[in-house]
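A.B. asks: Below, each chain spelled out in residue letters.
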Amino acid sequence: MATTPHSTGSIFFASPVSSTAPVIGLHNLRKVFGYGDTAMAALDGVDLTIERGEFVAIMGPSGCGKTTLLNMLGLLDQSTDGEYILNGRNVARIRSTRKARIRNREIGFVFQNFNLIEKLNILNNVTLPLTYQRGLNFRHQQKASQLLKNFGLQNREYYMPYQLSGGQTQRVAIARALVNNPSIILADEPTGNLDSKNSEIIMDELTRIHREGNTILMVTHNPDLLSYASRVIHMKDGRIVKDIELTENRAHSIANKFISRRKAARKRRGTRRFVRGKK
Amino acid sequence: MVLPVSFSLALGSLRAHRTRTLLTTLGVVIGVFIISLILILSGGLRASIINQTARLNDDVLLIRSAGDSTTGMEAFSPLRVANATTLAERDVTAISKLSGVRDVAPMMFLGSRVESGQRFYDNITTVATNDQLPDVLGLKMISGDWFSDKETARNYVILGEKLASGLIETNQAMGQKINIKGKEFMVVGVVKTANQPISLAGVDVDKAAFISLADGVRFTDNKAQIGQIIVRAVDKKQLEETRKSVVATLQRDHFDDSEFAVHTAHEAAGATAGWLATITLVALIFASISLLVGGIGIMNIMLVSVTERVREIGIRKAVGATKRQILEQFLLEALLMTLGGGLVGLLLAYAAGYVIALQFSLPLVSSWWIFAIGLGVPLVVGLLFGLWPAARAARQDPIVALKQYH
Ligand SMILES: Nc1ncnc2c1ncn2[C@@H]1O[C@H](COP(=O)(O)OP(=O)(O)OP(=O)(O)O)[C@@H](O)[C@H]1O
Ligand SMILES: [Mg+2]
Numbered sequence: 000m001a002t003t004p005h006s007t008g009s010i011f012f013a014s015p016v017s018s019t020a021p022v023i024g025l026h027n028l029r030k031v032f033g034y035g036d037t038a039m040a041a042l043d044g045v046d047l048t049i050e051r052g053e054f055v056a057i058m059g060p061s062g063c064g065k066t067t068l069l070n071m072l073g074l075l076d077q078s079t080d081g082e083y084i085l086n087g088r089n090v091a092r093i094r095s096t097r098k099a100r101i102r103n104r105e106i107g108f109v110f111q112n113f114n115l116i117e118k119l120n121i122l123n124n125v126t127l128p129l130t131y132q133r134g135l136n137f138r139h140q141q142k143a144s145q146l147l148k149n150f151g152l153q154n155r156e157y158y159m160p161y162q163l164s165g166g167q168t169q170r171v172a173i174a175r176a177l178v179n180n181p182s183i184i185l186a187d188e189p190t191g192n193l194d195s196k197n198s199e200i201i202m203d204e205l206t207r208i209h210r211e212g213n214t215i216l217m218v219t220h221n222p223d224l225l226s227y228a229s230r231v232i233h234m235k236d237g238r239i240v241k242d243i244e245l246t247e248n249r250a251h252s253i254a255n256k257f258i259s260r261r262k263a264a265r266k267r268r269g270t271r272r273f274v275r276g277k278k
Numbered sequence: 000m001v002l003p004v005s006f007s008l009a010l011g012s013l014r015a016h017r018t019r020t021l022l023t024t025l026g027v028v029i030g031v032f033i034i035s036l037i038l039i040l041s042g043g044l045r046a047s048i049i050n051q052t053a054r055l056n057d058d059v060l061l062i063r064s065a066g067d068s069t070t071g072m073e074a075f076s077p078l079r080v081a082n083a084t085t086l087a088e089r090d091v092t093a094i095s096k097l098s099g100v101r102d103v104a105p106m107m108f109l110g111s112r113v114e115s116g117q118r119f120y121d122n123i124t125t126v127a128t129n130d131q132l133p134d135v136l137g138l139k140m141i142s143g144d145w146f147s148d149k150e151t152a153r154n155y156v157i158l159g160e161k162l163a164s165g166l167i168e169t170n171q172a173m174g175q176k177i178n179i180k181g182k183e184f185m186v187v188g189v190v191k192t193a194n195q196p197i198s199l200a201g202v203d204v205d206k207a208a209f210i211s212l213a214d215g216v217r218f219t220d221n222k223a224q225i226g227q228i229i230v231r232a233v234d235k236k237q238l239e240e241t242r243k244s245v246v247a248t249l250q251r252d253h254f255d256d257s258e259f260a261v262h263t264a265h266e267a268a269g270a271t272a273g274w275l276a277t278i279t280l281v282a283l284i285f286a287s288i289s290l291l292v293g294g295i296g297i298m299n300i301m302l303v304s305v306t307e308r309v310r311e312i313g314i315r316k317a318v319g320a321t322k323r324q325i326l327e328q329f330l331l332e333a334l335l336m337t338l339g340g341g342l343v344g345l346l347l348a349y350a351a352g353y354v355i356a357l358q359f360s361l362p363l364v365s366s367w368w369i370f371a372i373g374l375g376v377p378l379v380v381g382l383l384f385g386l387w388p389a390a391r392a393a394r395q396d397p398i399v400a401l402k403q404y405h
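Protein chains in written order, with numbering that gives the first Met the number 0: chain A, 0 to 278; chain B, 0 to 405.
None of these hints come from the bench; they were simulated from the model.
All figures in this text were calculated on a predicted structure; none of them were measured in a lab.
Quick reminder that beta carbons are idealized off the backbone N, C-alpha and C, glycines included.
Among these hints, one or two may not hold up.
To be verified - Here are some of the chain A residues that sit facing chain B, going by a computed Cβ distance under 8 Å:
#1 Arg-94
#2 Arg-100
#3 Gln-111
#4 Ile-116
#5 Ser-226
#6 Tyr-227
#7 Arg-230
Please model the entire structure based on the sequences and the hints provided.
C.D. replies: Below, the structure written as structure tokens:
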């Protein structure tokens with residue numbers, strides 16, 4: 000797959016302090032929504048350390064706080080309590096302009112609900128993060144265009160978001176997250192709307208980016224995708240309940256266990272409606 | 000570089016709401032149109048006053064009945080002059096004998112009805128004067144000649160070009176009989192249009208009728224009521240000395256100093272120009288209020304726009320737009336509206352100014368500072384009224400904006 004190579008120079012790793020520190024360190028992170036009687040902890044004391052170059056899959060039932068966690072990690076939201084150390088720096092002490100810079104240069108965020116700008120066409124949506132960087136607009140568009148081509152959307156560049164199918168919209172959202180060569184990718188169910196072939200295209204792209212030394216956190220409900228991950232985290236009620244390192248083999252075996260369990264369930268229900276996964 | 004991007008974004012969002020943008024901008028268009036037009040016209044008026052009164056007549060003294068000369072407006076109102084006359088024929092004779100004086104032209108103003116056959120005008124200023132007026136005012140004849148002082152009291156009249164063409168055909172005017180205040184006069188000449196709507200004469204030469212003083216006094220019981228006397232000096236370098244001797248002569252013959260005032264043409268022009276400046280200022284203040292209203296309209300629409308686009312702002316911030324970049328985009332949108340409106344208003348003002356200047360034979364002045372004001376004021380208005388909505392957009396919290404339902 001031909002994409003422009005990822006940059007090696009990052010605004011994080013310029014300082015010697017941060018080069019050895021983990022990319023992400025969370026200490027007793029809490030996020031409480033609401034006040035008083037209605038107060039509810041979406042994150043209830045999360046401790047997590049992620050080294051550079053990990054590929055982490057996050058799993059857990061709906062409402063367990065996965066999206067909330069990604070929002071914290073992506074500097075979109077502030078925690079109620081606890082510490083978030085990003086590349087050796089306490090996020091609470093980073094100013095908003097610098098946070099914007101980090102979001103713009105270092106983080107690629109794939110939203111669960113895509114969040115494209117309805118008024119902009121597909122090409123401009125994908126180019127959006129680059130428009131807040133230096134450089135010529137047509138070069139930015141070339142890059143966005145190349146990514147769209149990789150995802151099989153070359154002839155949808157001038158479509159508006161409402162003219163796309165769910166899966167196409169999802170691929171556009173992923174292209175936008177990758178266009179700035181981020182060193183941290185936060186993906187909230189990036190293949191939730193995709194068939195196996197398109198999932199594979201997306202996962203191959205993520206794998207390629209992972210191999211270049213970048214860090215990926217991906218929320219998924221699909222056990223098949225665990226084969227791409229190096230670590231899987233299970234969440235429940237705002238806490239991490241299981242944290243498993245996956246070796247190559249282990250990854251496959253866990254994935255297979257899930258798949259066989261699901262196949263059995265499907266057989267019991269007598270339907271093939273949800274057939275998905277690798278052939 | 001983010002600016003060109005913000006620019007195209009701002010332009011795009013304005014285009015997306017075309018009707019709204021046009022209606023909102025209209026306020027600024029009207030405000031700038033009025034302001035620029037006032038500046039253009041007052042500039043033209045000023046230029047014509049200064050040129051014709053001051054520069055072309057730097058060897059001229061004006062003697063006017065006092066009390067009328069404090070403000071330019073009254074100084075140039077013939078009727079006012081006619082009502083407060085204290086100057087007499089003997090003043091003309093006395094001044095004409097002074098050594099520094101070349102020409103002396105008395106002007107007695109008679110507001111009256113002028114008719115010819117079926118056609119008539121009610122408010123024509125008839126000027127009773129002598130044969131030195133054409134020299135003093137630099138009048139040229141289209142046809143005929145100015146009456147000489149030797150042939151006074153013969154009911155000859157000379158018409159301004161516009162009056163002549165209104166009453167009779169210009170080229171057939173010579174020898175025709177017209178009626179002034181019930182007396183019959185014969186047209187012996189037509190004065191060429193001089194490009195001077197308000198001039199030294201205190202009357203629009205184009206629309207005036209000129210008769211001899213001897214004929215004029217017959218309307219006023221044989222007593223000349225001279226409104227003003229125009230004196231041309233032999234040497235313009237000696238104008239001050241000439242003025243002193245004129246004043247001395249008048250003081251000798253009049254009991255009260257305050258009965259008359261002697262001005263150079265420059266002073267007379269200055270008084271009028273000063274009056275014009277006051278009128279212009281008042282008009283500008285009113286026009287500024289319309290621009291203020293236009294500015295508030297833009298602020299209102301920008302606030303609506305920010306509210307409508309909360310989600311878009313959230314997405315932009317999520318992918319790394321800084322506060323400043325968001326501010327820039329929304330401010331630019333407001334600025335594009337005010338500057339675009341300013342440009343359109345300016346162009347319309349020039350178009351209207353051109354038509355009006357043509358109609359009233361004013362020079363069309365166009366100086367850089369009218370452009371500077373026509374575009375600078377909308378710039379300030381855009382910054383002033385665009386800043387708050389833009390700041391509100393910039394302050395938006397990304398996660399709150401993203402979660403907002405729409
Ligand atoms: N702004 C908010 N105000 C109040 N409660 C919130 C808010 N955002 C999220 N929550 C709550 O926090 C909990 C975690 O939400 P979150 O979106 O992180 O779940 P999730 O794990 O991503 O679920 P899913 O798999 O369905 O996407 C939910 O119970 C949700 O109701
Ligand atoms: Mg979620």
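A.B. asks: Hint by hint, say whether it matches the structure.
C.D. replies: Results for each hint:
Hint status for Arg-94 of chain A: violated, given a least beta-carbon distance of 10 Å to chain B, over 8 Å. Interface hint at Arg-100 of chain A: satisfied, since its Cβ lies 7 Å from the closest Cβ of chain B, which is below the 8 Å cut-off. Among the interface hints, the one on Gln-111 of chain A is violated; its C-beta lies about 11 Å from the nearest C-beta in chain B, farther than the 8 Å criterion. The interface hint given for Ile-116 of chain A is met, as the beta carbon of that residue sits about 5 Å from the closest beta carbon of chain B, less than 8 Å.
This hint is violated: Ser-226 of chain A has a C-beta 30 Å from the nearest C-beta of chain B, more than the 8 Å allowed. This hint is violated: Tyr-227 of chain A has a C-beta 25 Å from the nearest C-beta of chain B, more than the 8 Å allowed. The beta carbon of Arg-230 of chain A comes no nearer than 26 Å to any beta carbon in chain B, farther than 8 Å, and the hint placing it at the interface is violated.
The structure fails hints 1, 3, 5, 6, 7 (numbered hints given earlier, in ascending order).
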